[in-house]
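Here the protein sequences come in this chain order: L and Y.
End of the first sequence = 245 in this note's numbering, gap-free, step of one.
End of the second sequence = 233 in this note's numbering, gap-free, step of one.
Derived from the structure by calculation, the hints contain no laboratory data.
Backbone N, C-alpha and C fix where the C-beta goes; we use that ideal spot for every residue, glycine too.
Mixed in with the good hints, there may be bad ones.
Calculated lysine-lysine pairs in the BS3-like style (CA-CA distance at most 25 Å, straight line) [stated by the list, open to error]: (1) K37(Y) to K122(L); (2) K83(L) to K35(Y); (3) K35(Y) to K231(L).
Here are the in silico distance ranges between beta carbons for each label pair [said to hold, decoys possible]: (4) K94(Y) to L190(L): 25 to 33 Å; (5) L212(L) to T102(Y): 34 to 42 Å; (6) E108(Y) to S182(L): 22 to 30 Å; (7) N232(Y) to S182(L): 55 to 63 Å; (8) E127(L) to D91(Y): 26 to 34 Å; (9) G121(L) to E108(Y): 19 to 27 Å; (10) E147(Y) to G77(L): 52 to 60 Å; (11) S57(Y) to A62(L): 51 to 59 Å; (12) L82(Y) to T186(L): 40 to 48 Å.
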Amino acid sequence: MNLRLTFKVLAVSLLLCGKVYTQNIQASAAEKIERKEALTFTQVGLLFPTGLGNNFAAKGMDFSTGVDAQFNFYYDWLDLFLGVRFQNFSGAVTDTGKLGNYEKTRVNLYGLVVGYSFQLRNSKLSFDPRFTLGRTVYRNKANFNSENNFDTLYIIESFRDTATTLMLSGTTNYKIINNLAVYFQPELRWDNMGISTPEELSSFFNKAIFLNISVGVTLFL
Amino acid sequence: MKFKNQIFTILSLIPILFTQCNDIENDRRILVKGKVVDINNVPQPNLQVYTSIGSGILGEGVTNNNGEFDFTSLSSNSYLANLVVELPDEFKFSLSSDETLITNFEIPLNNLQDGRVNLQPIRILPFAEVKINFVRESEGNLRYEIKRNFNRRLNGEFFSFWRPINLSEEVTPFRNLTSEGILEQSTSFFSIHELVQRNEVIELTYQVNDQEEQNLLLPINQDYNEFEINF
Numbered sequence: 025m026n027l028r029l030t031f032k033v034l035a036v037s038l039l040l041c042g043k044v045y046t047q048n049i050q051a052s053a054a055e056k057i058e059r060k061e062a063l064t065f066t067q068v069g070l071l072f073p074t075g076l077g078n079n080f081a082a083k084g085m086d087f088s089t090g091v092d093a094q095f096n097f098y099y100d101w102l103d104l105f106l107g108v109r110f111q112n113f114s115g116a117v118t119d120t121g122k123l124g125n126y127e128k129t130r131v132n133l134y135g136l137v138v139g140y141s142f143q144l145r146n147s148k149l150s151f152d153p154r155f156t157l158g159r160t161v162y163r164n165k166a167n168f169n170s171e172n173n174f175d176t177l178y179i180i181e182s183f184r185d186t187a188t189t190l191m192l193s194g195t196t197n198y199k200i201i202n203n204l205a206v207y208f209q210p211e212l213r214w215d216n217m218g219i220s221t222p223e224e225l226s227s228f229f230n231k232a233i234f235l236n237i238s239v240g241v242t243l244f245l
Numbered sequence: 003m004k005f006k007n008q009i010f011t012i013l014s015l016i017p018i019l020f021t022q023c024n025d026i027e028n029d030r031r032i033l034v035k036g037k038v039v040d041i042n043n044v045p046q047p048n049l050q051v052y053t054s055i056g057s058g059i060l061g062e063g064v065t066n067n068n069g070e071f072d073f074t075s076l077s078s079n080s081y082l083a084n085l086v087v088e089l090p091d092e093f094k095f096s097l098s099s100d101e102t103l104i105t106n107f108e109i110p111l112n113n114l115q116d117g118r119v120n121l122q123p124i125r126i127l128p129f130a131e132v133k134i135n136f137v138r139e140s141e142g143n144l145r146y147e148i149k150r151n152f153n154r155r156l157n158g159e160f161f162s163f164w165r166p167i168n169l170s171e172e173v174t175p176f177r178n179l180t181s182e183g184i185l186e187q188s189t190s191f192f193s194i195h196e197l198v199q200r201n202e203v204i205e206l207t208y209q210v211n212d213q214e215e216q217n218l219l220l221p222i223n224q225d226y227n228e229f230e231i232n233f
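With the rest of the complex left out, here is chain L (with noise of 0.2 Å):
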């Protein structure tokens, strides 16, 4: 076979190909608008986190109930989905010696989402893997008292920490009914803190790592 034959049939065979794929990529799509029935999909739920590792979250703070909220919307008709995120959740200083002396902080967290839908054939289950690049602030508070001859002043200083946080999350849905389901969610979330510190504290404050677990409910629509 000379070489200008071998070309003619690489070309027919890649035109073919072509074709091939893309019609079983406009069936699929087809398949999946109709399977799917949402464009978009909302999650709130309950968030509980637990510091892990030694950084000054894990070693100096105690985490309580937050909020997580998402709203997601499918990219085109792919599985892929895109969405934008808010968590929120409160933390009390135990270590002062270690952290400064404040009482408290409220972690906010602003991010983007990107993930993907694994809908299991036949099942009411769903499996996405999201990953998470956002802002945090950490809103801390210091209450210092102010004693005089007549009374004592509780005087709130607030300042703030900041992070670029980074976060790896496995949701689960249920589906309960058409267009609701349930979700377990289990992350891990890291913030690389902007804390400037000499270098003997820098390994202690310039991370704080997360084991989050969140449950609640998702609205497709």
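Once you've looked at the hints, dock chain Y against the given chain L.
Okay, now just chain Y, sitting in the frame of chain L:
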């Protein structure tokens, strides 16, 4: 038009809502390390040490058996921020004038380097009071300078000043508490009242009218020390 102005006013106020007037620095922690010893370099254990701004505590720790302390503190760039060492009971000192109790050492927290408080060993010295009475025997002007190691923990930072006093004028006696001490003045005498440290030596230089400057070394050997200078 009026509505537009109102909108503009409201919009211009919005940034104020997001402005914070804080004494605590954002995104910063400092490390406070040091050692507390007495005049014979004996470590002082179980002393409360803290950083403060006004009455607010930024971070706190306690000296261990070696007199050492080590804690993380919030950071403040305010000139009011201090490192405070609570004194042991035997070092607490009551002023003779108004029985104010001196219970701690305060060191300005302005020598931060890379977020560290780099301190030489903090030497706790017993306090003492000194009163220097200038008794006027003739009309004239007095200028004086007191030179002392105001705070030995600040590594030789001297506190000194020249203060011209004209005693030839009729002045109302007054008493003035300043950071340098208590001044008492009348037409016939002038008195300096200072809180100093036991065993330190005060260097006094004074000049009456255009006469030659006089230098005196005043040793502080007791809790209450009084010197009289006639001119």
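So, going through the hints one by one against the coordinates:
Restraint check for K37(Y) and K122(L): the C-alpha separation of about 18 Å stays at or below 25 Å, so the hint holds. About 20 Å separates the Cα atoms of K83(L) and K35(Y), which keeps this hinted pair within 25 Å; it holds. A distance of roughly 23 Å separates the Cα atoms of K35(Y) and K231(L); the hinted pair therefore holds under the 25 Å criterion. Checked against the given bound of 25 to 33 Å, the beta carbons of K94(Y) and L190(L), roughly 53 Å apart, lie outside it.
The hint said 34 to 42 Å for the Cβ distance between L212(L) and T102(Y), and at roughly 57 Å that hint is violated. Between E108(Y) and S182(L) the C-beta distance comes to about 25 Å, which sits within the given range of 22 to 30 Å. Taken as a hint, the range 55 to 63 Å holds for the pair N232(Y) and S182(L), whose Cβ atoms sit roughly 59 Å apart. Between E127(L) and D91(Y) the CB atoms are about 30 Å apart, so this pair conforms to the stated range of 26 to 34 Å.
Judged by the Cβ atoms, the range 19 to 27 Å given for G121(L) and E108(Y) holds: they are separated by roughly 21 Å. For the pair E147(Y) and G77(L), the supplied restraint of 52 to 60 Å holds, since their beta-carbon distance comes to about 59 Å. Between S57(Y) and A62(L) the beta carbons are some 57 Å apart, a value that agrees with the proposed interval 51 to 59 Å. Between L82(Y) and T186(L), the C-beta spacing of about 26 Å breaks the proposed range 40 to 48 Å.
Consistency note: the structure conflicts with the earlier hints numbered 4, 5, 12.
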